[in-house]
Amino acid sequence: GGGGVMLFLNTIGNVEQCPLLLADNRNATLVCNYTYKKKGEQEFSASLHKGADSAVEVCSVVWNSTYHNFKASPDFNCLVAYGDKEVNFTLWNMHVNQTDIYFCKIEARYPPPYFHSGESNGTVLHVKEPQSQSEAGTFMVMAAAVGVIAFYSMLITAAFIYCWLKNKKNRILQKDYINMLPRHPPAPRNKNYHPYAPTRNYTAYRSWEP
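The working numbering applies: residue 400 is where the sequence shown begins, and numbers increase by one.
No lab work stands behind these hints: they were computed from the structure. Accuracy of the hints is not assured; some may be wrong.
[Stated by the list, open to error] Simulated crosslink set (PhoX-like; lysine-lysine; CA at most 20 angstroms straight-line):
#, residue 1, residue 2
1, Lys-484, Lys-438
2, Lys-470, Lys-436
3, Lys-470, Lys-504
4, Lys-437, Lys-527
5, Lys-437, Lys-470
6, Lys-504, Lys-436
[Unchecked claim] Per label pair, the in silico range of CB-to-CB distance:
#, residue 1, residue 2, range
7, Ile-571, Ala-542, 23 to 33 angstroms
8, Asn-520, Ile-555, 54 to 64 angstroms
9, Cys-562, Asn-492, 19 to 29 angstroms
10, Ser-472, Met-541, 37 to 47 angstroms
No experiment lies behind these values; they were computed from the predicted model shown. Even for Gly, the Cβ is constructed at its ideal location relative to N, Cα and C.
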């Protein structure tokens, strides 16, 4: 058993996948990295499987230096691009119910003996429902309305602060003006004026005239 494991590790290493992938606008490209050390004429197969038990084969490809053979499930739109170190599975027009965990499987079919990749941890592919145009339009209108309200609120606040500062400055200037008015000394009293002097009775003087 131990020799078989060592032989397996010397041919195709474990497939590496990112743990989480978000389908952007219902499209996603799942990258599967692998290593293979044998040289010479080679034939490989790569497949993508859906579900924890890998029950659904999404798509697969068999290739060598002269040809390739591709097949896909009718429930998926799939395209495969392969190279010496990675296989890319591109899916488009996905649906929400296709959110699941996906596993890559890579096999060396030729030259013998036949080897396959180890178990990968898989990629959880999350498909979001695209936002409808009406919802997007409503969001844009609401965002614009909030922006206008915020702008006018700032404008009103700035105007209020400006008026308050201006009024405060005017009060300070008015107070300084009052304090700077000249103080007049009291008017001098008339020394010849005697408010309590008795009034002469000219009638009495006339009565003594001859």
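Evaluation of the provided hints:
| no. | hint | result |
| --- | --- | --- |
| 1 | Lys-484 / Lys-438 | holds (13 angstroms) |
| 2 | Lys-470 / Lys-436 | violated (27 angstroms) |
| 3 | Lys-470 / Lys-504 | holds (15 angstroms) |
| 4 | Lys-437 / Lys-527 | violated (41 angstroms) |
| 5 | Lys-437 / Lys-470 | violated (26 angstroms) |
| 6 | Lys-504 / Lys-436 | holds (17 angstroms) |
| 7 | Ile-571 / Ala-542: 23 to 33 angstroms | violated (44 angstroms) |
| 8 | Asn-520 / Ile-555: 54 to 64 angstroms | holds (57 angstroms) |
| 9 | Cys-562 / Asn-492: 19 to 29 angstroms | violated (60 angstroms) |
| 10 | Ser-472 / Met-541: 37 to 47 angstroms | holds (41 angstroms) |
Violated hints, in rising order: 2, 4, 5, 7, 9; the structure is consistent with all others.
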